[in-house]
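K.L.:
The primary structure of each chain is shown beneath.
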Amino acid sequence: MTLVAPVIHVVDDDASFRTAIARLLRASGYQVALYESGDDLLQNPSSAEPGCILLDLRMPGLGGLELQDRLAKIGHTLPIVFLTGHGDIPASVRAIKGGAEDFLAKPVSKKTLLDAVERALQRSEKAREHRERIGALRTLVATLTPREREVFALVVRGKLNKQIAYELGTSERTVKAHRHSIMQKLQARSLAEAVSIAERLGISAAPSGSENT
Amino acid sequence: MVECSSKEFPTELPGGLDARFCEVMDAAPVMIWVSSQDKLCIWFNRPWLAFTGRSVAQELGNGWAEGVHRDDFDRCVEIYISHFDDRKDFRMQYRLRRYDGAYRWIDDTGIPRYARDGTFLGYVGSCSDIHDYREAQAELRRRLLEIAHLNRTADAAALSASIAHELNQPLAAILSNTEAAELCLKTDPPHLDQVKEILADIRRDDQRAAEMIRHMRGLLRKNEFEFQEIDLNDVVGVVREILAPQATDMGVVLSADQEQRALPVRADPIHLQQVVLNLALNGIDAMLNCMPRERRMVLQTAMIGESTVEVSVSDSGIGIPADKLDSIFEPFFTTKQHGTGLGLSIAREIIETCGGKIWAENRLGGGAVFRFTLPLAHPA
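Quick note, the sequences are listed as chains A and B, same order. Using this note's numbering, the letters of the first sequence correspond one by one to residues 1 to 213. Using this note's numbering, the letters of the second sequence correspond one by one to residues 214 to 593.
Pulled out of the complex, with its shape left as it was, chain A reads as follows (with noise of 0.2 angstroms):
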């Protein structure tokens, strides 16, 4: 668990089901904010700290799949346990397919929401721990100068530093510079691990530089 409590965001547009299951959810420890519409919830956007929400399939107005498509849209990455009454098959499939973390039936019991609470709070976490390790990467990445870029970029692809010598129009010791600074700077022990930074960032698939095979 982080250090910041997360935060359970109840939208339902039924006030007596919001007050009891942010009754429930507070008594078993969890921080809890309401919203009778989507529209609400949009109005307040607080995706900063880690948490989920629970959303009601059916409301008037901006309905639940509705919603789901709009967060998605402008970006918001916490995980979505839908909640309904009708067991629509469609609609909780459109629902999973669209990234929803679970889809659970109304009356709900309290283990089955907690269970399924818990779940999309762990992958929010992990979602999380991922955008850090990722953002951290691309900090490291980004003290590289414009050259050792593309040496890089050539490195990762397998290129022996002949190769990349010729590619580039450079001497074979420059380029075995540039490469002990960039494995200093990427703090990467081995190939291996310059590869796996690369593919993380998405960099061996879209190279820079010369296309020359």
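Worth flagging that the hints you see were computed from the coordinates, not collected in a lab. Take the hints with a grain of salt, since some may be wrong.
To be verified - Rough simulated footprint, nothing fancy, chain B against chain A, three-plus residues with beta-carbon under 8 angstroms:
id, stretch
1, 18-25
2, 50-62
3, 98-110
As the list claims (entries may be wrong) - Here are the simulated DMTMM-like pairs of lysine to aspartate or glutamate, each with C-alpha atoms no more than 20 angstroms apart in a straight line:
id, chain 1, residue 1, chain 2, residue 2
4, A, K185, A, E125
5, B, K301, B, D287
6, B, K301, B, E291
7, A, K110, B, D414
8, B, K435, B, E352
9, A, K110, B, D298
10, A, K73, A, D88
11, A, K111, B, E395
12, B, K252, B, D298
Claimed, not checked - From the derived model, a few chain B residues whose C-beta atoms are all more than 12 angstroms from chain A:
id, residue
13, P242
14, P325
15, E410
Glycine included, each C-beta is placed from N, C-alpha and C at the ideal position.
With chain A's structure known, arrange chain B on it following the hints.
P.N.:
Leaving out everything else, chain B in the frame of chain A:
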């Protein structure tokens, strides 16, 4: 054939009756009786005697009253005597025993008769056998109630998925509240204040669910048409509650604009709900058939003058072709694939039974509006 008609006693005509008059009356297709100033009957035409299968002697005086059904007798005599004393025309319906012992409904019209000099002579009455007509009317009414019930059942079926879902809301709230209460009781000291609050909420949600079920059962029940004084605002309120889940499912924004004061009308509450529901479901269907623009439905009640109240159901659908505005109320008229075409004709039947009018219009901004008026039970 029954004997004994006035023809056999042409010379003994009582009460100043004219022989030619009696001859004509014997040939009439209705049953005729004549009484004198003392209220006693003095003559019956041939069709009357043929109907009762009795002799003139048996019918004379108060003899005819022996054939009146005992349940109708007192009312019959009361109407006859009271009108007779005031010399007023009367019309009454009662069951009279036929020659074969069967009681048949008779429509009897009586008027005072006078001599040329204006002297009151007694009454003359003509009666026709309306038994078959009354039976047909009763049958028609039974059929109508039957069809209205089928229509309500169809409405209820259309709403059932949404209502079932809507019932899940209070049930879900009750479950979560219960589990929250259990957690509150486990703390040390237990959060009794919160448990108290939770219990009140559980009770409210339970009542909410029960109310929803009660409304649905009202729709599904087979009822007679019972006139009672009801507030039209209540009727619209119930329909709004029944309809709201369906509207949500169909992406329709449902709103109500109701007259503040009570609107008492004399009608049958369930049948009136049915009318508003039929109009609203029609409107929702009309909106589903058109492009997905904003779907809005407004249920409105308003006073028209001092003694009439109007309910309108407006939608933002495709509207109604101008040449169809009248025919949509005809039975079996439908533009829907799955409609019976009975909804609007039933609505008209019910509204007209309550003394009101129903019609449809197209709105200027697009969409249709259905309106009906009813007389206010207590005009302002």
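K.L.:
If a hint holds in the structure, say so; if it does not, say that too.
P.N.:
Here is what the structure says about each hint:
Residues of the stretch 18-25 of chain A lying with their CB closer than 8 angstroms to a CB of chain B number 5, which satisfies the three-residue condition for coverage. Residues of the stretch 50-62 of chain A with a Cβ under 8 angstroms from some Cβ of chain B number 4, which satisfies the need for three, so the listed coverage holds. Coverage of the stretch 98-110 of chain A by chain B holds [criterion: at least 3 residues with CB-CB distance below 8 angstroms; count 5]. For the hint linking K185/A to E125/A, the alpha-carbon distance of about 28 angstroms lies beyond 20 angstroms, and the restraint is violated.
Simply put, K301/B and D287/B have alpha-carbon atoms about 19 angstroms apart, close enough for the 20 angstroms limit, and the pair holds. For the given pair, K301/B sits about 13 angstroms from E291/B by alpha-carbon distance, which is consistent with the 20 angstroms threshold. A distance of roughly 18 angstroms separates the Cα atoms of K110/A and D414/B; the hinted pair therefore holds under the 20 angstroms criterion. At roughly 16 angstroms between alpha-carbon atoms, K435/B and E352/B fall within 20 angstroms of each other, so this suggested pair holds.
Proximity of K110/A to D298/B is assessed by CA-CA distance (about 82 angstroms); at most 20 angstroms being required, the pair is judged violated. Taking the CA atoms of K73/A and D88/A, the gap is near 24 angstroms; set against the 20 angstroms cutoff, the hint is violated. Annotation: proposed proximity of K111/A to E395/B holds, straight-line Cα distance about 13 angstroms (limit 20 angstroms). At most 20 angstroms may separate the alpha-carbon atoms for a hinted pair to count; K252/B and D298/B meet this at roughly 9 angstroms.
Every CB of chain A lies more than 12 angstroms from the CB of P242/B, the least distance being 66 angstroms, so the non-interface label holds. The beta carbon of P325/B sits about 69 angstroms from the closest Cβ of chain A, which is more than 12 angstroms, so the claim that it is off the interface holds. Against chain A, the non-interface label of E410/B is violated: not every CB pair exceeds 12 angstroms, the least being about 9 angstroms.
The earlier numbered hints that this structure contradicts are 4, 9, 10, 15.
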